[in-house]
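Student: Let the hints inform the model, and build the full structure from the sequences given.
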Amino acid sequence: MAFDSRSDGPAENPYAPLMGRTYVGLDETGDITILDAARVRTLSAWVGRIIPGNENWPSAAELDTVGYVDAILGLAPELRPVLLAGIDAAEAIARREHGASFSEIPDAAKTAILVELERVEAREAFSVILELTYEAYYRAEPVLAIVKERTGFDITRTVQGAPIKPFDTDKLTRVSLMPDRYRSAS
Amino acid sequence: MTDTTTTGVETTDVLVIGAGAAGAALTWSLSKRGVDVLCLEQGDWVDDQDIPKNHRDWEVRGRHYWNASPGKRRGAADYPVTNLGENPVDVYMYSSVGGSAIGYGGHFWRFQPSDFVAKTQDDFGVDWPIRYEDLVPYYEVNEEQLGVSGLGGDPVSPHRHGMALPPVPIGKIGNKWVDGFDKLGWYYWAQSQAILSRDHKGRPACVNRGFCAFGCPSGALALPSNTYWPEALDAGARLTTKARVREVLVNDAGEATGALYYDENGRLREVRANTVVICGNGLGTPRLLLMSKSARFPNGLANSSGQVGKNFMPHVQTMVIAHFDDTTDADHGAWGGTVASRHFYETDPSNDFKRGFTMVAMRGYSPLNTALQTAPWGEGHHDALEHHVNHEATIWVCGDDAPEAHNRVELDYDDLDPFGLPGVKTYYTLSENSKKLGEEGVRRATELAFAAGADSVRSPGFDSILGWHLLGTARMGDDPTNSVVNGDNRAHDVPNLYIVDGSSFSTGGAVNPTHTIQALALRAADKIWEARNA
Chain A
1 MAFDSRSDGP AENPYAPLMG RTYVGLDETG DITILDAARV RTLSAWVGRI IPGNENWPSA
61 AELDTVGYVD AILGLAPELR PVLLAGIDAA EAIARREHGA SFSEIPDAAK TAILVELERV
121 EAREAFSVIL ELTYEAYYRA EPVLAIVKER TGFDITRTVQ GAPIKPFDTD KLTRVSLMPD
181 RYRSAS
Chain B
1 MTDTTTTGVE TTDVLVIGAG AAGAALTWSL SKRGVDVLCL EQGDWVDDQD IPKNHRDWEV
61 RGRHYWNASP GKRRGAADYP VTNLGENPVD VYMYSSVGGS AIGYGGHFWR FQPSDFVAKT
121 QDDFGVDWPI RYEDLVPYYE VNEEQLGVSG LGGDPVSPHR HGMALPPVPI GKIGNKWVDG
181 FDKLGWYYWA QSQAILSRDH KGRPACVNRG FCAFGCPSGA LALPSNTYWP EALDAGARLT
241 TKARVREVLV NDAGEATGAL YYDENGRLRE VRANTVVICG NGLGTPRLLL MSKSARFPNG
301 LANSSGQVGK NFMPHVQTMV IAHFDDTTDA DHGAWGGTVA SRHFYETDPS NDFKRGFTMV
361 AMRGYSPLNT ALQTAPWGEG HHDALEHHVN HEATIWVCGD DAPEAHNRVE LDYDDLDPFG
421 LPGVKTYYTL SENSKKLGEE GVRRATELAF AAGADSVRSP GFDSILGWHL LGTARMGDDP
481 TNSVVNGDNR AHDVPNLYIV DGSSFSTGGA VNPTHTIQAL ALRAADKIWE ARNA
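Protein chains in written order, with our numbering: chain A, 1 to 186; chain B, 1 to 534.
Don't read these hints as lab results, they were simulated from the structure. Nothing false has been slipped in among the hints.
30 Å max Cα-Cα, derived DSSO-like pairs, lysine-lysine:
#: 1; chain 1: B; residue 1: Lys201; chain 2: A; residue 2: Lys165
#: 2; chain 1: B; residue 1: Lys527; chain 2: B; residue 2: Lys119
#: 3; chain 1: B; residue 1: Lys201; chain 2: B; residue 2: Lys32
#: 4; chain 1: B; residue 1: Lys183; chain 2: A; residue 2: Lys165
#: 5; chain 1: B; residue 1: Lys354; chain 2: B; residue 2: Lys436
#: 6; chain 1: A; residue 1: Lys148; chain 2: A; residue 2: Lys165
#: 7; chain 1: B; residue 1: Lys242; chain 2: B; residue 2: Lys201
#: 8; chain 1: B; residue 1: Lys354; chain 2: B; residue 2: Lys119
#: 9; chain 1: B; residue 1: Lys527; chain 2: B; residue 2: Lys201
#: 10; chain 1: B; residue 1: Lys32; chain 2: B; residue 2: Lys242
#: 11; chain 1: A; residue 1: Lys148; chain 2: B; residue 2: Lys172
#: 12; chain 1: B; residue 1: Lys172; chain 2: A; residue 2: Lys171
#: 13; chain 1: A; residue 1: Lys165; chain 2: B; residue 2: Lys172
#: 14; chain 1: B; residue 1: Lys293; chain 2: B; residue 2: Lys527
#: 15; chain 1: B; residue 1: Lys436; chain 2: B; residue 2: Lys183
#: 16; chain 1: B; residue 1: Lys119; chain 2: B; residue 2: Lys436
#: 17; chain 1: B; residue 1: Lys354; chain 2: B; residue 2: Lys435
#: 18; chain 1: B; residue 1: Lys183; chain 2: A; residue 2: Lys171
A quick note: this is a predicted structure, and the numbers were derived from the prediction, not measured.
Tutor: In structure tokens form, the structure reads like this:
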């Protein structure tokens, strides 16, 4: 829906029709079962540039983001060709342009490759990995703690509630004194 | 449609198809009078553990199995929906006991008197065959039954009518909106909501978890499943879930005799009934009518007018999201609305468009949704997130859109459901009137945002229309040549078939429709009762 969608994703999002059956519980990520070790390294470097860390925030690579993507792939084999090809494309470009693995090149070079992937080379894979990275990141407890610390938004309130003072209806006095404002049907 | 072998035949007096807002209210009303009612629902009860807001990762759950879009959710009870046109509607709906209300925010409005006579007063759309006063007794029953919170005295409400319970708290952001409205001198009032501000009929008061569309763990949000259904079942109504109706059956006299449906094991079953009521929503109802072709009704059941599926009205909807330097307490408080304005509701002759819109002053978004909307990937991600999260609040704009034949729903035989039944295609293009009305809505909402202290705004515009309100596709009218049901919600073509949901709206008004859908359902129950006792 409008309030959970990216505004600049590709026209065809292969993840969209699979979302209903790809929920992964917080305790359902663990051993990597789909991705091989080389692709894990590439993907980890990739998600680390999608959401990099700084002095306040962890990078997505420091969390279980790759495990989350791997678990999603386990539930949705249809995504494998798209995502694996995207990961392989990142690796191929890195080796062609820098003579090294994607995970080993400087961050700026990684970012430049991801820009290329997003624009041309692997639009769909990039979009899917971005959405999964965001999902994994913002459900992680360490991140939610920082969200609370840095913005004041406390996820605990959204599941437990919090008191709010009753509506001071005296505020409506001005309007209540205004004339009726509706048209009758007769 | 060709028949196949059926497994067993059930009988009932009244068969209701769909256990959502309308089906629940109508079943309750009839079953309390001792009528034998069987309701078939293609979805199921919502398990408490599946309510996203019972979990800290509710945002992710809300994007997956709870996703409001059937095209993304694709659950066992869903059918395919493809959205087309120049302004495709992002259709939101659920198949469940409670229907799409399980994902609503609880805005609970009555229509205005002028909504029923837009043709006469404004040469806009068509008139309804009933008037506001016809629904008042049913609005009142519904407000008491659900425990609607609000406040009497609103000069924009006819006779400044009251509500069952006091208004819900508005909090810090609500007070900002109040300041904004007062600066502008506009009309506004406490938002009436189907959310308990006090304990009511065994349900506890809201504790301000917010983000109500992701499920209400306590039941403070009024749903068919925690209001009408428990009482209806106690009164003897029967409810069969995971029952996908394939076809409404008719006899040679053109009367409805029941329905064929697939049970949870995929077996085809038949129900025979004296009266059939379809409550399938603005997409599901025309879908079922168009699937129910027969020699007598070759263009679909109750479709001699050709109006079934036409006049699709989702409202002219968008949002203006305001940014404040101060925090907005976005993590608690009923999400649906704080205060709301119908200052621009009626036609203003000085405008270059007819009819008007509502503005609902709401709260802000949560971290994941904010990140997806506003935070770019890369180095700027965290700064953007910190800028937006807990510093925003939303004004939702909802405008009246006229019924137009080219805005429609059709069967889609290229995309079938798991039972081989057709999906649905929707077509929607904003009219020139709607575009002008929508632009004015955004302009006024932006004015309000800055008056309330915002330093910037953003809006998704109208490229994709928010699709909670599915209206008009089996509309009500006096003339059988251009409408599907009469003023009693009874099909012109089939004397014992009733259609009660958003599809029967002649025009859509400019407010959330659930209250009016349920008022129509309660009234239709009376009409069914009166017809059989005449």
